[in-house]
Amino acid sequence: MSEAVALRRIDDVVWEIPKTGGMRVPGRIYASEALLRDISRDQCLRQVANVAHLPGIVGWSLAMPDIHLGYGFPIGGVAAMDADEGVISPGGVGYDINCGVRLVRTGLRYADIQGRLDRLLDRLFGAIPCGVGSKGAIPTLGAVDEKRLIQRGAAWAVERGFGRAADLAHTEEGGCLAGADPEAVSERALARGLTQVGTLGSGNHFLEIGRVDAVYRPEVAAALGLEAGQVTVIIHSGSRGLGYQTCDDYLRVMGRAMERYRIAVPDRQLACVPIASPEGERYVAAMACAANYAWVNRQVIMGLAEAVFQEVLGVGPRELDFRLVYDVCHNIAKFESHEIGGARRRLCVHRKGATRAFGPGHPAVPESVRSVGQPVLIPGDMGRYSFVLVGTAGAMRETFGSTCHGAGRVMSRAEAKRRSRGLHLDDELAKQGVLARYEGRGTLAEEMPYAYKDVAAVVEVMERAGISLKVARLKPCGVIKG
Amino acid sequence: MPAMTALFREIEHTADLAIAVDGGDLAELFARSGLALFALLIEPGTVRGSERRRVEAAGRDAEDLLHEWLAVLLGDFYVDGFVAAEITTRVVDGRRVEADLVGERFDRARHGAVREIKAVTYHGLAVRRTAAGWEARVTFDV
Numbered sequence: 001m002s003e004a005v006a007l008r009r010i011d012d013v014v015w016e017i018p019k020t021g022g023m024r025v026p027g028r029i030y031a032s033e034a035l036l037r038d039i040s041r042d043q044c045l046r047q048v049a050n051v052a053h054l055p056g057i058v059g060w061s062l063a064m065p066d067i068h069l070g071y072g073f074p075i076g077g078v079a080a081m082d083a084d085e086g087v088i089s090p091g092g093v094g095y096d097i098n099c100g101v102r103l104v105r106t107g108l109r110y111a112d113i114q115g116r117l118d119r120l121l122d123r124l125f126g127a128i129p130c131g132v133g134s135k136g137a138i139p140t141l142g143a144v145d146e147k148r149l150i151q152r153g154a155a156w157a158v159e160r161g162f163g164r165a166a167d168l169a170h171t172e173e174g175g176c177l178a179g180a181d182p183e184a185v186s187e188r189a190l191a192r193g194l195t196q197v198g199t200l201g202s203g204n205h206f207l208e209i210g211r212v213d214a215v216y217r218p219e220v221a222a223a224l225g226l227e228a229g230q231v232t233v234i235i236h237s238g239s240r241g242l243g244y245q246t247c248d249d250y251l252r253v254m255g256r257a258m259e260r261y262r263i264a265v266p267d268r269q270l271a272c273v274p275i276a277s278p279e280g281e282r283y284v285a286a287m288a289c290a291a292n293y294a295w296v297n298r299q300v301i302m303g304l305a306e307a308v309f310q311e312v313l314g315v316g317p318r319e320l321d322f323r324l325v326y327d328v329c330h331n332i333a334k335f336e337s338h339e340i341g342g343a344r345r346r347l348c349v350h351r352k353g354a355t356r357a358f359g360p361g362h363p364a365v366p367e368s369v370r371s372v373g374q375p376v377l378i379p380g381d382m383g384r385y386s387f388v389l390v391g392t393a394g395a396m397r398e399t400f401g402s403t404c405h406g407a408g409r410v411m412s413r414a415e416a417k418r419r420s421r422g423l424h425l426d427d428e429l430a431k432q433g434v435l436a437r438y439e440g441r442g443t444l445a446e447e448m449p450y451a452y453k454d455v456a457a458v459v460e461v462m463e464r465a466g467i468s469l470k471v472a473r474l475k476p477c478g479v480i481k482g
Numbered sequence: 001m002p003a004m005t006a007l008f009r010e011i012e013h014t015a016d017l018a019i020a021v022d023g024g025d026l027a028e029l030f031a032r033s034g035l036a037l038f039a040l041l042i043e044p045g046t047v048r049g050s051e052r053r054r055v056e057a058a059g060r061d062a063e064d065l066l067h068e069w070l071a072v073l074l075g076d077f078y079v080d081g082f083v084a085a086e087i088t089t090r091v092v093d094g095r096r097v098e099a100d101l102v103g104e105r106f107d108r109a110r111h112g113a114v115r116e117i118k119a120v121t122y123h124g125l126a127v128r129r130t131a132a133g134w135e136a137r138v139t140f141d142v
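Chains A and B, in that order, give the protein sequences.
The first sequence: position 199 = 199 (the working numbering), numbered continuously.
The second sequence: position 7 = 7 (the working numbering), numbered continuously.
If we strip away everything but chain B, and leave its shape as in the complex, we get:
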């Protein structure tokens, strides 16, 4: 389970919320990116794992995939109230994500409500190799 405090770093942006996330490989990168999203929405470390979900997403390339993956998670949060404590992913061909999520339904009293995220934008969207593995950058409209 990744350390929550090191899950992402914030990048300066005048109006919105931009983050960078690291991962050893694409699977870890996408898992950590998903957890970072929840860490922005609710208080990290408050989610219990009582429900399992399978989530899939597809994209034209790695960046498009990242956008779609996070958009699916965001949509499920707002529609079903699903919050994840653990995410295990498989990334296929750099264009498909198959993920197993362990989490529960949103409960404001336990999870808190830190902010609303309107959308995952395409601004500064990047998935690239680094010396240590991979880095993702994404900007959320808040």
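Next comes chain A alone, as it looks inside the complex:
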């Protein structure tokens, strides 16, 4: 496991792991030489090669520049399987099913909130439950409601007054993945999820107030409703305990079922079954429930945030103009049609720590922005910038319409904590002009910027490769975390 993986340079931002041994396809890594040095420090390239062994994999085992070690699959990887012949793996989706991020634009400028940022953050922190053991935002939610919301997705939240119907068109899959079946979700997963609707979660989840501090492509930005100096809100959260438990449940199911299907894998953590199997179908149905839960969550949190902005700033909805730009998933498996070798094929595309980035003209892209390509949100680490991108035709050709997802860790949590000893973390953030409100005593040190790669470098690679294009940069000014 510790021998280096052979790499072949394709160009200055693309590298190949040649097909060897049991690999069914080559590996393909998007990275600069500098990022490749970080990448080579853990065994994630070995994981990229391992994924290439999976039955039914098509094209390449892909790795984005923010790649790092995961469970079986690396984080920052994309693997597309033939929908009929291929396998599906919960490890290729992640524990936090539909961890994702949404970007909201407002009609405000920084001067409108500057003097009241403290109060805004305090009220947001009070209104949006964050951390460990916190109860959900909808206290009267019962088991029947929960089953309904995991079938309906974000529309369920809109019907209860969180956000508006127009938001659904600006969410991947309209905020609801088809085929969700609550019967495929375990009792333990449902129990974990019941009290967590509308909670932000902990770790690297956050709500961030920021402003557009650079515009790279003004016409595209305008099409997305963005302009320089505008106040924005980013919400990064996922499917909470319902999703985590669902992943755990199906890793167990598939770990046992694999023997029956005679699937041999180089790493036991690549637990998988044929998509066209009872276990595979049940996972797809359960994963869809978890994905829908996450969309409900982000819709609810957005609705709560909008109410806080109105209250603290004393503005009405028209003046606030709190509108969803787009909501993307980072951890999901989607059934999509892609062109491979001149033929259209139905594929199951696993994106774990990767974002869909469909190009201009694709019917899945909302009509209002279809001509410029699908908006992509790339949150950076806390205290540094985030980026808004759009997908391209190049992505459709080379990466199954996928790009990176964020910064990616370079340092263990233990090391980050050691490095932060003696630092007053609030002061460190304040030096960068970022106010923070957070819950978990352990997590702030672990989430410090130096624990992560520079997201600008990651995004630059995907721009140079023609996979996604920079539209705007967002600078954070306040963040709440669990």
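By construction, these hints were calculated from the structure, which means they are not laboratory data.
Just so we're clear, the structure is a prediction, and the values are computed from it rather than from any experiment.
Heads up, some of the hints might be wrong.
Said to hold, decoys possible - Simulated crosslink set (SDA-like; lysine to any residue; CA at most 20 angstroms straight-line): (1) A:Lys135 <-> B:Gly81; (2) A:Lys431 <-> A:Ser420; (3) A:Lys135 <-> B:Ala126; (4) A:Lys417 <-> B:Ile11.
Since chain A is already given, all that's left is putting chain B on it; use the hints.
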């Protein structure tokens, strides 16, 4: 009652939390592993014992059992808010755990909230004999 500071040691992992726990026999190993989980979730030493619970778990082998045992405890924490101050276990055939827990319901003001643990993973999961007894290794997704 085991010394909390020696309950586990952290193993380096880029993204998540990996620990190693020692025990003289399997029963002690599983008890200490359970307490280690709570020590990661909340401030250790803050839990009073006002409630008793019986918890059982089963697995195909010792590692699978460890995973399931910790997953049950984690699930009970998030669903019921149960935190344990003391754990006494019986391990049967290396495949079943029967445990008596003494603890109480989670109270953020008293117990603190150190971190969220999403799941017990299978990564690096190990239960093995050592010169001194047994060692368990487990990685949590955080």
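**Message:** Given the hinted pair Lys431 of chain A and Ser420 of chain A, is their Cα-Cα distance within 20 angstroms?
**Reply:** holds, 15 angstroms
**Message:** What's the verdict on Lys135 of chain A and Ala126 of chain B, does the C-alpha distance respect the 20 angstroms limit or exceed it?
**Reply:** Violated, because 34 angstroms separates the two Cα atoms, which is more than 20 angstroms.
**Message:** Holds or violated: Lys417 of chain A and Ile11 of chain B, Cα atoms, limit 20 angstroms.
**Reply:** Holds, at roughly 14 angstroms.
**Message:** Hinted pair, alpha-carbon criterion (20 angstroms max): Lys135 of chain A, Gly81 of chain B. Please report holds or violated.
**Reply:** holds, 11 angstroms
Violated hints amount to a single one, hint 3; each of the other numbered hints is respected by the structure.
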